[in-house]
Structures are given as structure tokens and as C-alpha cells.
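Participant: Assemble the complex: chain A is given as a structure, and chain B must be docked to it using the hints.
Here's the letter readout for the chains.
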Amino acid sequence: MNAHDEEQMKKLLRQAVPPVKDDAGPGRDLWPDVLRRLDTRVTEPALHGWSWLNGAWFDGALLAGLVGLAAIFPTAIPVFLYYL
Amino acid sequence: MQNGASDVLNQFRQGDVDALEALFRQHQRAVYGWILRITRNPATAEELTVESFWRIYRAHARFDPAQGFEGWARRIATRAALDWLRTSRADSELSIEDCAEVAAPVEADPAVTAEIRRKTALTFGRLPPKLRIAATLAVIEEQPQKDVAAALGISVAAVKVRVFRALRLLRKDLELQGIRP
Numbered sequence: 001m002n003a004h005d006e007e008q009m010k011k012l013l014r015q016a017v018p019p020v021k022d023d024a025g026p027g028r029d030l031w032p033d034v035l036r037r038l039d040t041r042v043t044e045p046a047l048h049g050w051s052w053l054n055g056a057w058f059d060g061a062l063l064a065g066l067v068g069l070a071a072i073f074p075t076a077i078p079v080f081l082y083y084l
Numbered sequence: 085m086q087n088g089a090s091d092v093l094n095q096f097r098q099g100d101v102d103a104l105e106a107l108f109r110q111h112q113r114a115v116y117g118w119i120l121r122i123t124r125n126p127a128t129a130e131e132l133t134v135e136s137f138w139r140i141y142r143a144h145a146r147f148d149p150a151q152g153f154e155g156w157a158r159r160i161a162t163r164a165a166l167d168w169l170r171t172s173r174a175d176s177e178l179s180i181e182d183c184a185e186v187a188a189p190v191e192a193d194p195a196v197t198a199e200i201r202r203k204t205a206l207t208f209g210r211l212p213p214k215l216r217i218a219a220t221l222a223v224i225e226e227q228p229q230k231d232v233a234a235a236l237g238i239s240v241a242a243v244k245v246r247v248f249r250a251l252r253l254l255r256k257d258l259e260l261q262g263i264r265p
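Top line first, the protein sequences correspond to chains A and B.
With the numbering used here, the residue at position 83 of the first sequence is 83, and numbering never jumps.
To convert a position in the second sequence, counted from 1, into the numbering used here, add 84.
Extracted from the complex, chain B is given alone in its bound form:
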């Protein structure tokens, strides 16, 4: 079994499309889920999953089978999602209503009104993509900082700095709107 998996990785490195399909079948759900956590839009996540696997195939010669496929694919998917955040008007799309379809149920705090939640979501959507993606993965999705750092290609310390800057900017922008958390 281990040898079979290793063969697939080696064949993929040679540019074998059948090996790519095998890896796609094995990892598409994880890649899609990771992108969805960043974009929060199922249609965009599907589109970016396709884009990510195209980028993965394009980079097959640089793949190191010893490093494993999942982390490498996640890093490429994160880059694709970051590119999308930079070029799209994602800020206007991030709202509780849009997220409702894919969001897990959370216990609502009665002290936080729907209007405050809406404004917070919109303000968060306007943060610089690099800060927003770190805060989304580390704070909202509560992914291990080690995984977030690997996906973003930065250190754990840099993730902490980006999260802190994101929260500080968010707080500042909310205060300008008269919202004091």
C-alpha cells in the first residue's frame, strides 16, 4: 500500500495525468474544504479547486515526494485563494447571509446584535488579504498555527503577527463606525 502511494507520487512527479487523477480523487475534498474556509463561497471554492490542481500539475517537476502531497497542495491552494482575494471584490460578498449555507452553527451571544455582526463581517472583509487569510484560518477556523504557517509559507511567529495586526485593524475600523467590542 505504502509502495503504491509512493509510486503514484513518483509518477505524478514525472507528469503522469493518471497519477494526478489518483491524487485528485484522494485530496480534492481536503483542498476544496481548505479553500472554502478562506473564500466562504462554494462556487468560488470549486473554481479555485480546479485552478489549484491545474497549478499543482504545472508544478509537478518541482514536487518532492519525500515532503508529502497534502501540505504542498494546500500551499498551492492557499496561494490560489490569496490571488482570488486580491483580485475579486470579495469584501462586498462576505456577509453572514452568504456564509449561512456553509457555516457551522455557533452559539449566538445575546450582547452582539445582528447589526454588529453584519458590520463586523463587512469590515473584516475589507482587511488586506494577507491579514484576513491569516485571521480567517487561525482565529475563525481555529486551524493549528503550524498548518497556517506552512500553508502561507511563513513562520508561526509571522502568523501571530498577522493575526494581531488583523484584529487591531478590525478593532480600529469598528471603533470608527461607533462599535466598541
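So that you can see chain A by itself, here it is in the shape it has in the complex:
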């Protein structure tokens, strides 16, 4: 795709999906919803037994799994990077 094609695609895209109005704002006050969410999420971990999954160690385990996979299948690294 050359620069001309790219420009044509941009024009078509803007025709198909127009930009949002600059003055768009929420239709109501969202602060009560934020407060409600804060209250809900603060009490949430006590309500179920899976809260330990949110721990930082889970991210570490996921990362270790990925590193392990990359070590076993090194040819998959470029494919993985492509989809990042």
C-alpha cells in the first residue's frame, strides 16, 4: 500500500466512521456510580474465594509460563511478538 492508497483509505474511513462531536459529555452525574463502585469493590474480596487470583504472584506465574513456553518453542517467539 503506497502513500496515495493510505490517504484514500483514511478518507474512506472518515466518511464511514465520522469523528465524535467535540462537546460530547455524559448525560448525568456519574459520581454516585463511582462511589457505589468503590464501595462494592472494597468489599468484594471477602465475598468469594477467588480473590487470591488477583495477587501479583499470579502475574508472575503467568510470565514464568510464557518464558517457559518461549524456551520450549523458541520459533513461536516472532509469532507471539507479532500478535502483541
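Don't take every hint at face value.
[To be verified] Keeping only pairs whose Cα atoms sit at most 30 Å apart, straight-line, the calculated BS3-like set for lysine-lysine is:
1) A/Lys11 to B/Lys244
2) B/Lys203 to B/Lys244
3) A/Lys11 to B/Lys256
[Claimed, not checked] In silico negatives: residues of chain A with every beta carbon more than 10 Å from chain B:
4) Met1
5) Pro19
6) Ala24
7) Pro26
8) Gly27
9) Val34
10) Leu69
Derived from the structure by calculation, the hints contain no laboratory data.
Ideal Cβ positions, reconstructed from N, Cα and C, are used throughout, including at glycine.
Facilitator: The following block gives chain B in isolation, referenced to the frame of chain A:
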């Protein structure tokens, strides 16, 4: 005034909910507008604005007042919108009709029929979220690439690459449908 703003940021960093409310009142419109540009759905934008401010509060201890609040909030809001794009059936919702309520008027090109516009919008909605969000912000909304890069947490060069890949994929998919831009 400057000291007052700085105090609010420092109090927010300590987890003060009143400071969060002050920041919410000041920035909710900007955060909502940014999310709306990505999702193009007012109800979803409201929901994600609430979600973003919840995430913002949850991350208060990592906030650096020296870096400013707006860019940091925008980055968190972008992440929330990206998560939504990944999990929702957003592709089926993106149409000119749905966007009409929030869309700015554009001068219609007579060479582009309504059917082509509809198919283009639908095809664009099916692009991978990471490519779609970059193209939406940089091409459709014409936001500065520097701002898009900061919001996505990538370099300006990476934004350009994602936009190019999005347009190339869109062109390819449209050609498969017999549409040649």
C-alpha cells in the same frame, strides 16, 4: 491556586476520596470524551468512565503528582476501553446509525455510497482492537500522535505502524468484499 491543585493531587495520592471527587469533577468530561471517541457508544462511555475512575482510585499509590493527572487518567481510561473492545461484541455495534447520535457532521463524498460506508464501518469494527484503537484516535479523531502514543503507552513510531497495519488490513478485507477504495 497552583498550590491548591498540588494539594489535591497529593491528597489523592494518599487515597483521599474527597480529592478523588475533586479530580473527578475536573476531569470526568475529558475522560468520558476520550472513551467515547474509542467506543462511540454513550452508555458504554459512561460505564467505562466509572470503571476508569475506580481503576484510577485503586492505583492512587502509584500516581506521580509531578507527571500530572490528565495524561495518567487518559492512559488508564484507554486501557479500560481497550479491555472493553476485547471482550465485547463491539464489531457488530459499530455502524453509522449507532454513531449518528454522537458523530460530528462530515461532508459526504458523493462517490462513496451509503452501502460502502456501512460495509467499511462494519469491517473496521472487526479489526484487532489494538489496531482499531490506534486508527480510531489517530485517523478518525485526528488526535495528535504524541497523545495517542502516551495514551496507549507506546512510541509515536509504534502508533504509525499500527495505523498503517489497520489501514492495510481494512483495505484487504474491503477488497475481498469487492470494494476497491
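Participant: Give a verdict on every hint.
Facilitator: Now the hints, each set against the structure:
The suggested pairing of A/Lys11 with B/Lys244 holds, with an alpha-carbon distance near 17 Å, which does not exceed 30 Å. About 24 Å separates the Cα atoms of B/Lys203 and B/Lys244, which keeps this hinted pair within 30 Å; it holds. Distance restraint check for A/Lys11 and B/Lys256: the Cα-Cα separation of roughly 16 Å lies within the 30 Å cut-off, and the hinted pair is therefore satisfied. Against chain B, the non-interface label of A/Met1 is violated: not every CB pair exceeds 10 Å, the least being about 5 Å.
Not every Cβ of chain B is farther than 10 Å from the Cβ of A/Pro19; the closest lies at roughly 5 Å, contradicting the non-interface assignment. At roughly 5 Å from the closest C-beta of chain B, the C-beta of A/Ala24 falls inside 10 Å, breaking its exclusion from the interface. At roughly 5 Å from the closest C-beta of chain B, the C-beta of A/Pro26 falls inside 10 Å, breaking its exclusion from the interface. With 10 Å as the threshold on Cβ separation, the claim that A/Gly27 sits away from chain B is violated: the shortest Cβ distance comes to roughly 7 Å.
Annotated as non-interface, A/Val34 brings its C-beta within 10 Å of a C-beta of chain B; the closest such distance is 5 Å. Even its closest Cβ contact with chain B, about 21 Å, leaves A/Leu69 beyond 10 Å, as expected for a residue assigned away from the interface.
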